[in-house]
Amino acid sequence: MQIQLKFFASVREALGVADETVRVPDSVVTVGDVRSWLCRRGGPWAETLAEGRALRMACDHVMTAPATRLTEGCEVAFFPPVTGG
Amino acid sequence: MTVKVQAEDFDLGREVDALRHAHPEAGAIACFVGVVRDLNQVATGAHTVSALELEHYPGMTEKALQTIVEAAQGRWALADVLVIHRYGKLAPTDQIVLVAVATAHRGDAFAACEFIMDYLKTAAPFWKKESTPDGTRWVEARDTDDVALAKWQ
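Protein chains in written order, with our numbering: chain A, 424 to 508; chain B, 6 to 158.
The hints are simulated quantities; they were obtained by calculation from the structure and are not laboratory data.
Not close to chain A: a few residues of chain B, all C-beta gaps over 12 Å, as computed: (1) GLU13; (2) GLU20; (3) ARG111.
Label pairs and their computed distance ranges (CB to CB): (4) B/SER55 <-> A/SER450: 40 to 50 Å; (5) B/GLU30 <-> A/PRO504: 34 to 44 Å; (6) A/ASP442 <-> B/ALA82: 36 to 46 Å; (7) A/PRO504 <-> B/THR98: 22 to 32 Å; (8) A/GLU498 <-> B/THR7: 19 to 29 Å; (9) A/GLY466 <-> B/ALA56: 24 to 34 Å.
Even glycine gets a Cβ: it sits at the ideal position worked out from N, Cα and C.
Could you put together the complete structure from these sequences and hints?
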């Protein structure tokens, strides 16, 4: 499945990437799976996306839980807790 | 309902006038304006923030704000709601956000205005980066924001 990735704020800076199109393996079916799969890239990916780090996820512009299932072409975003207002 | 995400400043007086004239049935308009402070978050007591950069998630931001306003509309009878949130480079004393709520009576206006701000603080994808003499740093989310939200749940 092909999906769009987006990264914001401190996560974007730590990874050095703002967006990316990736083809994920069949074993990656949820937003949480994407996080674990990206962690396996090692280096800043493993550190920034590690379990336990305060991280928010969105799928197709809606803040979401790790169990949310991916759909073909969906946009998955990773970012720190928000600080607007 | 109007939601605007923009780099430009806004004129509180003009926005309230527009709401007032558009809704003769509304006897109350409550407004909240969020402003850039010069006090940095590390709590040194020093007033050292020279600039604030606000990043957001275009596409999601507008949708998140609309969802928050719709939740408020489901909870109270609101004549109208206006939310303006800025992004980009701001300086101390600059306006960041405006929430204005027009209702028949003041109770609902105060409550809905606070509700929208409390949700915005935890659910709208904005991130602040402070510039200080020691460099730049991302502002961290506060636990008190989650506490503020909990009272509505």
